[in-house]
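Undergrad: Okay, here's what each chain looks like letter by letter:
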Amino acid sequence: MSNLLELDHVTKLYPVGGLFSRKSIKAVNDVSFSLDGDKPEIFAIVGESGSGKSTIAKMMLGNEIPNSGRLVFDGVDISNIRNRAQREAFMAKVQPVFQNPFEAFNPLTRVDAYLFGTAHRFAGANTLQEKETLSDQALQRVGLSMAEIKGRFSHELSGGQLQRVAVARALIPSPKLIVADEPVSMVDASLRMSIVNLFRSLRDELKVSIIYITHDLATAYYISDRVIIMQKGVVIESGGARAVLDNPTHPYSIALKNAVLPPDPKAASAAIRLRGVRAAI
Amino acid sequence: MTKVLEVKPAIVQSADVLTIKDLKAYYVNDLFGVRREVRAVDGISLTVRRNEVYGIAGESSSGKTSLIKTLAGAIRPPMRVVDGSVNFTFGNTKIDVYAEPEKMKTARWQNLSYIMQGSMSVLNPVRRIKHAFDDFAYRHMGLDRQAFRQRVQSHLQKLGLDPNVLEAFPHQLSGGMRQRVTIALATVCEPEFIIADEPTTALDVLVQQDVLGLLKEVQGRLGSSVVFVTHDMSVHAAITDRLAIMYAGRLAEEGPTQAMFDNPQHPYTAHLIASLPRIGDLSIRKSLAGKPPSLANPPSGCRFHPRCPIAVDRCSKEVPEMLPSAIGGRVACFRAGEVSVK
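Note that the protein sequences, when read in sequence, are chains A and B.
Residues in the first sequence are numbered from 1 upward in steps of one, following full-length UniProt numbering.
Residues in the second sequence are numbered from 1 upward in steps of one, following full-length UniProt numbering.
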């Protein structure tokens with residue numbers, strides 16, 4: 001049994017100030033966790049803006065190199081990737097889904113070009129026929145089809161559809177891990193659950209592990225298996241999603257849980273009157 | 001007996017701050033003899049009472065923002081008011097927004113203010129916050145410079161903001177802080193009517209809680225009416241007294257928030273409420289099939305019928321009217337009340 005992904009005391013510093021400044025911010029401070037290679041799961045990273053959750057995503061995707069600690073994916077230390085072949089092999093196994101689908105897709109490029117590009121680069125499809133077949137298979141998995149998408153621009157699709165195309169694109173190289181950074185926060189409330197339910201079916205049917213980064217505890221509770229809660233770069237609470245979110249122990253996690261507005265007018269209006277509780281923490 | 005009859009209409013009159021009657025506002029594009037209309041607001045009637053928070057919910061491209069732009073009189077071509085009227089009652093003054101645009105100019109900011117969607121795009125990035133206050137509010141207050149500055153400072157203190165933010169540039173403040181500054185800016189003239197367009201959408205949960213609390217507090221203190229627009233139903237649950245659901249340019253349902261969450265009458269409302277995830281509940285949340293209709297070419301009959309789980313033949317042929325509903329609101333559905341949550 002090997003770990004799919006292992007973070008071993010990872011720390012990331014960002015320098016602040018001018019060229020000669022020695023100050024730095026610890027965006028991620030000594031974070032360790034691992035994902036099991038045999039059992040796919042949805043792993044949620046929860047925290048408010050500035051808590052370092054997106055920095056972790058960038059490091060997992062190999063866009064940032066940690067200052068100390070190791071990130072091992074499938075037996076390979078990500079910071080040791082030196083050449084293009086290694087990098088492409090890595091990228092085929094780890095794929096991202098970003099926050100805002102309208103920004104992720106260039107409005108002047110047809111959406112299918114992204115699918116074909118990925119199919120060509122990571123799945124070895126050379127003819128248009130092969131690219132279309134691969135893209136169609138991926139689109140079918142997210143409940144769309146090539147006929148709906150072909151030749152369309154991003155503004156012709158709804159936010160939910162576009163986000164599903166983004167997930168389909170990520171699925172083309174048959175990745176082992178999808179890193180989803182706030183995938184539903186820009187999607188309409190009525191379509192949000194279609195994306196969230198899609199992640200669940202990817203885990204169950206395609207055995208893909210998913211890193212689900214969010215500030216919304218309600219959806220994290222709904223789909224994730226394990227959760228870590230971060231504040232200012234430090235993991236303050238971790239464990240099984242239900243166990244942690246049903247009974248949070250750290251004051252910050254309790255504040256986060258209380259800030260989730262329950263879908264019931266009485267309880268929700270009581271929740272916003274809790275103002276001032278947070279200042280005390 | 002006669003006394004009662006005299007008093008009653010007076011109360012109704014003073015209680016309604018905003019009355020919209022059968023409002024139609026279209027984006028009209030007339031190029032080379034080809035006329036194309038996008039019916040963003042298509043026959044909406046509603047009233048907003050004094051001292052209440054009125055929520056407008058709906059997905060993107062359902063016409064929420066077009067509606068509130070129209071009622072604030074802030075429309076530009078190609079958008080055009082085709083039919084209907086918007087009337088405000090501020091104290092003893094009555095303003096018909098589209099018949100008397102001159103009156104509207106003085107009412108803006110003094111009686112009516114607008115909290116915009118993206119707080120970062122409202123504040124000028126190269127001017128300090130205090131200049132934003134000068135630019136927007138100074139001429140409406142009728143105070144001299146010194147008194148105005150003091151008024152702004154005391155207002156910020158009341159809202160729990162450090163008056164030092166006045167010296168800051170927008171980029172030095174966090175998103176939540178900027179949104180609080182825009183709320184302060186919108187309420188410094190103590191307006192009777194506040195329009196808030198998605199004020200918490202880009203914020204994370206903790207900041208959202210603060211901003212909503214602040215808005216509720218200010219509204220309570222000023223006793224003003226707020227029209228609150230967002231697609232997030234749990235925000236509506238937290239802050240609104242009455243709620244209207246918009247779908248494709250029309251109202252689907254309107255009613256008291258609590259009653260609508262307990263017992264939604266329209267299938268679309270029921271779906272919006274049922275799809276909310278909650279902590280402690282793991283049952284599968286279904287999402288609605290299909291996508292929001294295009295307003296340039298909306299479906300016939302009830303605009304929700306292609307996505308509706310309980311649609312019948314009649315729904316695709318006739319347009320349902322807004323009729324009184326069982327829960328003390330209004331609903332536009334032939335099968336109102338036949339769908340239940342959960």
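Don't read these hints as lab results, they were simulated from the structure.
If you're wondering where the values come from, they're calculated on a predicted model, not measured in any experiment.
Be a bit skeptical, because a hint or two may be false.
To be verified - Taking beta-carbon pairs under 8 Å as the criterion, some of the chain A residues facing chain B (in silico):
id, residue
1, D8
2, G37
3, D38
4, K39
5, E48
6, D188
7, L217
8, T219
9, Y221
10, Y222
11, P248
12, P251
13, P262
14, D264
15, A271
By construction, the Cβ of each residue, glycine as well, lies at the ideal position given by its N, Cα and C atoms.
Undergrad: It remains to establish, for every hint, whether it holds in the given structure.
TA: Do the hints match the structure? See the list:
1. D8: violated, 28 Å
2. G37: Nearest chain B Cβ about 26 Å off; hint violated.
3. D38: For D38 of chain A, the interface hint is violated, since the closest Cβ of chain B sits about 24 Å away, which is over 8 Å.
4. K39: violated, 19 Å
5. E48: Given a least distance of 4 Å, the restraint on E48 of chain A holds.
6. D188: holds, 4 Å
7. L217: The hint holds - L217 of chain A has a Cβ within 8 Å of chain B, the shortest such distance being about 6 Å.
8. T219: holds, 5 Å
9. Y221: holds, 5 Å
10. Y222: holds, 4 Å
11. P248: violated, 10 Å
12. P251: violated, 12 Å
13. P262: At about 6 Å, which falls below the 8 Å cut-off, the nearest Cβ of chain B leaves the hint on P262 of chain A intact, so it holds.
14. D264: holds, 6 Å
15. A271: holds, 6 Å
Hints 1, 2, 3, 4, 11, 12 from the list above are not met by this structure, while the remaining hints are.
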